[in-house]
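Residue numbers (the numbering used here), protein chains in the order written: chain A, 1 to 391; chain B, 1001 to 1391.
No lab work stands behind these hints, which were simulated from the structure alone.
Any given hint could be a false lead.
[Stated by the list, open to error] Calculated lysine to any residue pairs in the SDA-like style (CA-CA distance at most 20 Å, straight line):
no., chain 1, residue 1, chain 2, residue 2
1, A, K147, B, P1215
2, A, K5, A, P81
3, B, K1378, A, P321
4, A, K347, B, K1280
5, A, K347, A, A366
6, B, K1280, A, D157
7, B, K1115, B, G1090
8, B, K1378, A, V277
9, B, K1134, B, G1198
10, A, K280, B, K1135
11, B, K1135, B, G1303
12, B, K1378, A, K115
13, A, K264, B, T1374
14, A, K115, A, P321
None of these values were measured; they are calculated from a predicted model.
2 protein chains.
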Amino acid sequence: MSDKKVRFGVVGLGNMGSGHVPSIMGMRDATVGAVCDVDPVKADRAAGPFNLPKFNNHREMIRSGLIDAVLVATPHYDHVPIAIDALEAGLHALVEKPIAVSVKAARQVIEVAKKFPNQKFGIMFNQRTNPMYKKMRDLILDGELGKISRVTWIITDWFRTWTYYASGGWRATWAGEGGGVLINQCPHNLDLIQWVTGMMPSRITAVGFVGKTHPIEVEDEMSAILEYPDGAIGHFITTTGEAPGTNRFEIAGDRGKLIAEHGKITFVRTRENVTEVNQKSPHSFASIESWTIDIPYPRAEGGEHQRLTENFVSAILRGTPMLGPGVEGVNGLEIGNAMMMSGLTRKPVELPIDGDVYDAFLQDMAKKFGGRKTLDTKAVAVDMNASFSKA
Amino acid sequence: MSDKKVRFGVVGLGNMGSGHVPSIMGMRDATVGAVCDVDPVKADRAAGPFNLPKFNNHREMIRSGLIDAVLVATPHYDHVPIAIDALEAGLHALVEKPIAVSVKAARQVIEVAKKFPNQKFGIMFNQRTNPMYKKMRDLILDGELGKISRVTWIITDWFRTWTYYASGGWRATWAGEGGGVLINQCPHNLDLIQWVTGMMPSRITAVGFVGKTHPIEVEDEMSAILEYPDGAIGHFITTTGEAPGTNRFEIAGDRGKLIAEHGKITFVRTRENVTEVNQKSPHSFASIESWTIDIPYPRAEGGEHQRLTENFVSAILRGTPMLGPGVEGVNGLEIGNAMMMSGLTRKPVELPIDGDVYDAFLQDMAKKFGGRKTLDTKAVAVDMNASFSKA
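Next up, chain A with everything else stripped away, as it sits in the complex (with noise of 0.2 Å):
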């Protein structure tokens, strides 16, 4: 297969499965063999500009011949549905974020993928591109901030208006979505804030609202305290009632900190080791020598979907590694579940956390918050390019 390109099938032309068109269609690997929704208006606009073969049945594309990987782009309840059926019908399949909704699904579709090594399933993990998150995590791997004491992320830039939430029946409701801030706006930083830094909680303190600055059924805001289970403590902040809101990761260890805002990285490294310091200095008042350096890091060329999109058609055609396995698209995906559960419920959450637990408490969110969402749906023409977080 070396020889040729991937032709993927592009199920969900809304917005983000519209982009992915055109970007593939211009990759070297791999091309658009087919496209596919539900809404034939929508499937028609996606193949016209290049004359694709066109579906309004994600089995038929499957099964017609015309494509070797699947990219689901659909609403959040599709991927794992339509990645089962792409992965026992041979193909790969490729999802965007979130992996699910909710955590059984996205195990049992980890599950199927196992069955099938030879072909790959991957995440829509275009943040893990962005050189700046690679450095930071390049760093902590390395040891340079030594063992982690506190991981605090206050992403509160994810301005989105009552409009934006008209611009879908589906928005912002749990039969639609399954949740608002934390699976729509998040799951790049959810799965960020485990995979810079390589470490899982095992325990989440939440406070969560529902519709606080939105006429929505769901949450826009939360607020977690994570707990790990080596003693290092974490924050999540985030709402899309802030503006312009701020995107601070900060991340402190024993040779200081790391603190990622404005697209930079600031290093604030001590010269001696924290704990050493803490437990043998003669001193009460110890004041440790640091240093801020500005860590530099190479820029990236494409954007962070292509980035990702053409490691996956490199890791079909050359076996080269995956920056986003599937496999790892539930750590984040359970973070957020946990988080969602105990900011609404007002209980702590222990991680690993039951499915079936959290799909019953999704069923009793629908039922108490169903209906609450006001807006009316309005057609507003969107610009995705707007939507993705600066870093």
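Assemble the complex: chain A is given as a structure, and chain B must be docked to it using the hints.
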């Protein structure tokens, strides 16, 4: 009384009290009339350089006729009984932070003070004289920030070594201090978070740890989420185990956000009202023009303790409004008490809190954790100037 100096009796001649003596001796409108400590060595050492009358019992000093006001700088539990003795004897009282260990005792001394409206009762909220915090408060009270939506304070630059905790047997014990980082290091931050914003939370959800990075029996780390009655959210993150630590105080509102860090106030001001744009913009991803402004504020002369004490003296002599009126001392304490109880019981706590419930909780903590401090007390030279948080 306007033609003479206010004569202070300084009781408690440890690190703080022994520093206040020479400072007050240098004031134009105040002097030290006497000093007092249960430890004769400390009383001698403080009295010596100025040849001051000295006592080992605060009641004797109070009735000596040598003083007009008592400055209480004893361990925390003695603040309330000594202040009450002073007030009931017709003297003014200025109390080091915290006003008390628990809200019940704080409310008690406030009730006593109300009976003596002609005597001044103040708390050493020296950081209220910090022009940076004064400026932030002015901007907020003037409405420059609009309605507040989020208050986040990462205040992790309270690094304290094991040697610090070994420097006094009473330190970091329930019986000696009634708490750790919240009651000893953070009272100013806990006061400022309500003084600068003018808002008291109505519910606190916290995660705290006893002896996480030090072998002590009280909390040395606390992460708290604050809910305000008008819908604003707050966060307070502190520890004595991190270095160099962060001190970033961020307040978001309808006109952007204020950030205080590194002694600098940055106002990222939105040109339009955030709530109005949220509700009325025709765009899904509205980006609001914002201006990054360095807010100027005057540099203050003299030390903070000196300025607060001089303000207290001026309140006595000339009726100047007090910067740290005693009645306000309970606010920050109440926030700290609620954090402590929530953080160590892992249950949300509503404010105002029940004083008896909190006192029972304190006794539970003493029973549960008492004796876990395993540091032998050592004589350590302490430079208190190193202890004040750099704003």
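Verification of the hints:
no.: 1; hint: A:K147 <-> B:P1215; in the structure: 19 Å, holds
no.: 2; hint: A:K5 <-> A:P81; in the structure: 26 Å, violated
no.: 3; hint: B:K1378 <-> A:P321; in the structure: 56 Å, violated
no.: 4; hint: A:K347 <-> B:K1280; in the structure: 35 Å, violated
no.: 5; hint: A:K347 <-> A:A366; in the structure: 19 Å, holds
no.: 6; hint: B:K1280 <-> A:D157; in the structure: 19 Å, holds
no.: 7; hint: B:K1115 <-> B:G1090; in the structure: 11 Å, holds
no.: 8; hint: B:K1378 <-> A:V277; in the structure: 17 Å, holds
no.: 9; hint: B:K1134 <-> B:G1198; in the structure: 12 Å, holds
no.: 10; hint: A:K280 <-> B:K1135; in the structure: 40 Å, violated
no.: 11; hint: B:K1135 <-> B:G1303; in the structure: 17 Å, holds
no.: 12; hint: B:K1378 <-> A:K115; in the structure: 63 Å, violated
no.: 13; hint: A:K264 <-> B:T1374; in the structure: 43 Å, violated
no.: 14; hint: A:K115 <-> A:P321; in the structure: 19 Å, holds
The structure shown violates the earlier hints numbered 2, 3, 4, 10, 12 and 13.
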